[in-house]
Structure formats: structure tokens, C-alpha cells
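**Q** One letter stands for each residue in the lines below.
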Amino acid sequence: MKHTITVLVENTFGAFDRVATMFSAKGFNIQSISIGETEINEISRMTIVTYGDEQIIDQVVKQLNRLIDTVKVVDLTGQAMTERELALITVSFQKGTMEEIKNITDIFRGKIVDINNKSMMLEITGPPEKINAAVNVLMPYGIKEMARSGTVALKRGEQLKQRKDFIK
Amino acid sequence: MSSPKKLSGADIFFEALREEGVEKIFGYPGGATIKIYEKLYDIDFLEHVLTRHEQGATHAADGYARVSGKPGVVLVTSGPGATNTVTGIANAYMDSIPLVVFTGQVPSHLIGNDAFQEADIVGITRPITKHNFLVRDVKELAATIKKAFYIASTGRPGPVLVDLPKDVINDECEYEYPKEIHIRGYKPTYKGHHNQIKKAADIIRKAKRPLLYVGGGVVMADAAKELTEFARNNNLPVTSTLMGLGAFPATDPLFLGMLGMHGTYYANQAVNHCDVLVALGARFDDRVTGKVDTFAKDAYKIHVDIDPTAIDKNVLVDLPIVGDVKRVLTDLIKELADKPKEKEWWDQIAIWEEECPLEYKRPDNQLRTQYVIEKISEKTNGEAIIVSDVGQHQMWIAQYYKFNHPRSHLSSGGLGTMGYSIPASVGAAFAVKDRPVVSISGDGGFQMNMQELITAVAYNLPIKFFIMNNCFLGMVRQWQELFHDEKYSFTDLCDSNPIFTKIGTALGIESLSTHLPEEVDALLDKAFEINDRPVLIEFKVAKEDLVFPMVPSGASISDMIVKRLNPKRML
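Protein sequences appear in the order of chains P and F.
Heads up, the first sequence is in our numbering, so the first residue is 953 and it goes up one at a time.
Heads up, the second sequence is in our numbering, so the first residue is 307 and it goes up one at a time.
Please note: incorrect hints may appear among the correct ones.
[Said to hold, decoys possible] No farther apart than 25 Å at their CA atoms in a straight line, the calculated lysine-lysine pairs in the DSS-like style are these: (1) 978(P) - 493(F); (2) 607(F) - 1014(P); (3) 445(F) - 312(F); (4) 1014(P) - 597(F); (5) 1024(P) - 312(F); (6) 1014(P) - 493(F); (7) 497(F) - 1014(P).
[Said to hold, decoys possible] From the derived model, a few chain P residues whose C-beta atoms are all more than 10 Å from chain F: (8) 957; (9) 966; (10) 980; (11) 983; (12) 984; (13) 987; (14) 991; (15) 1007; (16) 1042; (17) 1049; (18) 1066; (19) 1069; (20) 1073; (21) 1077; (22) 1097.
The set of hints was computed from the structure by calculation and includes no laboratory data.
Small disclaimer: the values here were computed from a predicted structure and weren't measured.
Note that CB positions come from ideal geometry on N, CA and C, so glycine has one too.
Let the sequences and hints guide you as you build the complete structure.
**A** Dropping the structure here:
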């Protein structure tokens, strides 16, 4: 089963590498991983999408917690959360298909961010499933290049007082 | 108020070691650490032990830590100095031994340039350390060293590496050692959950066929006394992993010996049939469980461990208790004190013991490792520090030496590092003065780190170096005989082994050899009389002996082999 795990890590030298090394050393799967700044200077947030049975996910969470640089690990799966991913997709077009691609982009609430006489670059954001759907629809037109950011996620309505706990 | 004094990185290094109460460091100098060694020249509050190889230094620090309970400290140079510590670090990591390893590094501005003697040791050791640091500024040095010792020695202990670029060692800054440190991502749980402990006590009280399964965590946590009290108060049978030996006195009638691949028949039968299994500081390692699905299949499993990742990792348990095993046992003692002896259960265990006791062929005209180890056990009354190497003799030590004290059995349990014994015994000899230190190796492992004999000579360490020479890589040969069609591929050392007594003699070690059982007594007496220098004895033992009982790798414990399968090979 797919799990979305959010990890707050110290923004130190090698913290990202430690997490990645742990996943490969223990033989855990990573579907996507993203890292970026948070509202706290010295803490970064990683969002990891992984899959496995209950025992494996239990170990993933424990092993993440065991790393000295990790401050907080939460498995968001099954909780109220918002997941988003950004994709840049360069699609080829010919006479006649340009309008169709434009329509598809509108349906997915995407934007055209670059265009030349053979291809255009689309920007689409949304839950990973929506990106998958957009990719499937665009595939027949010829996707020349694609970059996906990996999932970022946050719990919805998270009480702010909890946040103070780990900053101590 | 006067401002704090300005010190160089090298000075700060020693000030920090002084604050941490370090008495011994094991090391080897080199270009990147030369400034530290310059300062060391005038340092008198600690002793630096010069080994002959950085791997030796790391195993020596490991041996020192296992016996003393204090973190072992290693100091080596960059590049090859650092990479030579890797096996020693991995060894300590697998067995949860506290080490702080300081490595020199090329100057910061050269990092990444493939500079002379550069290696990315922080990257290399990331998966085999509890944590590691590259110090990027001399201002971070004191706090980093404080953190390193704290992380290495608390929670589930383990090795921590600190990489010191040459410029950091040379630079100066104001020095103040932090009184305490706070790492927000690292807060080990020491106190077990009260309700869980209460529940565990209730379940053990009601158990008809209880069994305690103890591991190295009990030794690490210094919980041997509490374990012994709890088991004796409640008449509970105790079985131990390789790492747990010594946590419970082997001579106590409650002790069933080691379990697992080469465990006793009765300990393994007890695991198979118990109704409540209490794992204390043990991690359900594959050498213990065999086939996981059939391990203690019908038992209610209670698991006490300080490391949450150990719980439900290999075997799903019914009642986990995360905490320091010493504190949990202390609480358990209060909850449960007078469980009567479960007579039926003990009768059954006695039947198993009678059915298949630990045994080897005797009397015998051939010298056998089992016999020598029994004799060593007898002569030292279970009071020695026994430093094992890896292989058949390691299992026979576990089976036949009667350990009465914790921190007395040093063995590379997790990693299985051949060549561990000689350097680890050097470290052990620096940690204990009033008990004999005995290093036991096979002829294969002996040759893997025999340069550290020179260290033992240089420091006049009264270590007994015993070689169990069967001129084979015996454990691999055993597998070849049993499972690999008797193809003895590259395990026969008979034609290529050196003359071990001549090696010893060349190094200035009194060296003796025998192949006769009747000479063992006299030779051991002689070895234990020498107390001011090392001594070496080669025991030429039976070539084709096998360690039994044996549970084949991945098989159920009930599929134990108790004697040689191929009768034509019967010795």
C-alpha cells in the first residue's frame, strides 16, 4: 500500500543523504522524495512516498525516527491531508492538435509556460493521481520531456500548538 | 568577567577528551593528524596506545569498550588511515558497541579535490555508524565532540565518527566546553511503560512454560544483576544469545545455554515449546530464530528493547516494552517476585537435556578444541575475559566456557569479523588488570590481524594467545561437508600455514605447541603463570571436527542436526 510520510529533518550537512542511505541500506522502496525549506530556518521538510505492507511501513517510520537528524516523522496516510505535485511536460504538436492540447491543459487547470513551432511546455499541479491522468491523456500527442517534483504534503487543520513541541 | 581562552583545534580536542574522562585512545599517526600528535607528545592525562594497523586500533577500542563499559576512542589519519577503520566500525555497529572514532581529513579547501590521502569517510561510514560528523569550523569542534560521546554511549550504543579537516585542527577559537547538549531529534526512551510492565508481569506469572531469552542488551545495560535476581526469584529458565553470554551465570541450574544455530538442543526445544517467551535486549537475529515463521510459534512474546526499531523487525511480538532493560527489569522485579517453579516444564527440560546433552567424543587420542576450552574454563573458574575470533572455536567457546560475569565474553557476534580476537584482546587488557585475558583464534583468523601481537609485546600485555589450529577454515569446511557436496574449496590451509610458534618467537613471545590431550593441563598452567608478558600456545586440534548441534541456515529449529550425517566421516 502507498504511504505518504512527512519528515522534518535538521538542515545539516548530509541529512538528506542519511535518509536516502537508510532507504537503500534497508531495502525499502521510494516512489518519490522531495525536500525543501520550512517556516523554521534550520529545519527542512522531506515528503517521502513509499509502499509496503504494515510491518515494512512500521519499520520505515521507526528507522526514520532513529536517525539523529530527524526531528519528527508522521505517516500522513489515512489522515486528512493535502498532497500536491508539480509537473512540467513538453508535448509536441502538429497542425490541428495544438488546440486539443490547449483544451486538455485547461481541463487539468494547467498553464502553457513555453511554446515554439513544434512543442509547448505545460505546467500542471495537483494530487499525483491528477498528474498521472494528465500524462496518460497527453501521451498520444508525444511527450518529449517531463519533470515531476515529487509529492509534497501537509496535514490539514494541524493544531499549531503541536508544532512547538519539537522546536524545544 | 574574563573572556574564555583561545585554543587551537588540537588543544580543544584534548581538552574535550579530558572533560569526557577519556583514559585511553587507540591510534596511529599520519599527516592529517600530525598536529594532534604534536600536542599528544606532552599530554599526560591519557595514554595513547599505538597499534600496528588502524583496523587493530578500532577492534582494540571495541574490546576496551566491551570490558570497561566506556566508549572506546580511536584516532587515525585521513584516507587509508580512515578506511582501515571501516571493518572495526561496522563490527562495533552490529554489536552496538560505543566507539568515538576521530579521523584526520585533508584541509577543508581541498575536500573533493582527490587530494593526497583523501577519502570521503563520512560518506563511507554513514550506514555503519550511529551518527557521524564532518567538523567544518573549529568553533563547532567542542560541541561536536560532546555530541559524539553522548550519542555513542546513550540509548542503544554504537560507533560515532568525527572527521577533522587539517585546518580545523590548526585554527584557533575561544574554547568553552558545553555543560550539556540538546539534540532535538535524539531522545532515547529509558523508562518502560508502566502498564505494559504490569501486563508482562501478569502474563509471566500465569505462564506454565516460561522462558527468558537474553541478548547483548542486558550486558550493555549492565543489567546482569537484575536479570539474575528476576530469574531466580521466579524460577525462570534462561537461554542466551552469543552476545548475551555472561549476563547470567552459566553455572546456575536455571541456565539452559545458548540458543539458535549452534545452541543446545534443550534450549532450542524450550524455545519451540514455551508458552511465554520474554526477549530481553535481544533482536531475534536470523542465527537465533532460524526460520522465522516457526520460531516460538505458539508463545506469547514479550520484547524489551531500548531501540524501537528492534521491535517487530524480524518477529512480530505480542507485548513490546521500549526502555532500558535494566530499568524495566528493576520494575519487573517489583511486580513479580515469587512465581513457584513450574514443575512439569522443568521436568520436560530435564528430559530434553538427558536426550541430547552437549557432548563430544571423549576420552580421545585426538586433541579437540572443545576439550581445550573446557580446560580453560576449569582453570580460570569462569573468571577470565575470553576474546573469541570467528568460526568453529567461537561456537565451542559459547558452548563450553562457563561464563560467570558480564563483559567477559568478547565476540564478533553480528558482523562475524575474522581477525577480531587479537586486537580486541589488546584493548581488553588495557581495561582490566586483575583478571586474565585470553585470546582464542583459529589458524585462519589468527593470520588476519597478527600484527597486533607486536602491540601486545610493546606494552607487555599479559594476554594468553591461544590458536586452535585445525589447519582448515573450519566453519566453512563444515558447511562444505554438510551442504556443499564435500567440495573443500580453498579452506585447506595445511600446506600454507606458517609455523605459528616461530612467528611468536620472532616477536619475542614465549611460544609453545602441542597436539596431545595429556599436555594441555601443563601448558595451560604455564600460560596462566606468566603474568607480565604475552604467551602463545598453538593447539593442533582435530582437522575435521564439526560443531553440533546445528540448525541449518534458514531451517526450523526443530530441524536440528545433532550428529554427523555421513557415518564414513565419523571420527
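**Q** Taking the hints in turn, state whether each one holds.
**A** Evaluated hints:
| no. | hint | verdict |
| --- | --- | --- |
| 1 | 978(P) - 493(F) | 22 Å, holds |
| 2 | 607(F) - 1014(P) | 20 Å, holds |
| 3 | 445(F) - 312(F) | 11 Å, holds |
| 4 | 1014(P) - 597(F) | 24 Å, holds |
| 5 | 1024(P) - 312(F) | 37 Å, violated |
| 6 | 1014(P) - 493(F) | 13 Å, holds |
| 7 | 497(F) - 1014(P) | 18 Å, holds |
| 8 | 957 | 15 Å, holds |
| 9 | 966 | 7 Å, violated |
| 10 | 980 | 12 Å, holds |
| 11 | 983 | 22 Å, holds |
| 12 | 984 | 22 Å, holds |
| 13 | 987 | 16 Å, holds |
| 14 | 991 | 16 Å, holds |
| 15 | 1007 | 6 Å, violated |
| 16 | 1042 | 34 Å, holds |
| 17 | 1049 | 48 Å, holds |
| 18 | 1066 | 35 Å, holds |
| 19 | 1069 | 43 Å, holds |
| 20 | 1073 | 34 Å, holds |
| 21 | 1077 | 31 Å, holds |
| 22 | 1097 | 30 Å, holds |
Figure legend: structure checked against the earlier numbered hints; hints not met, in rising order: 5, 9 and 15.
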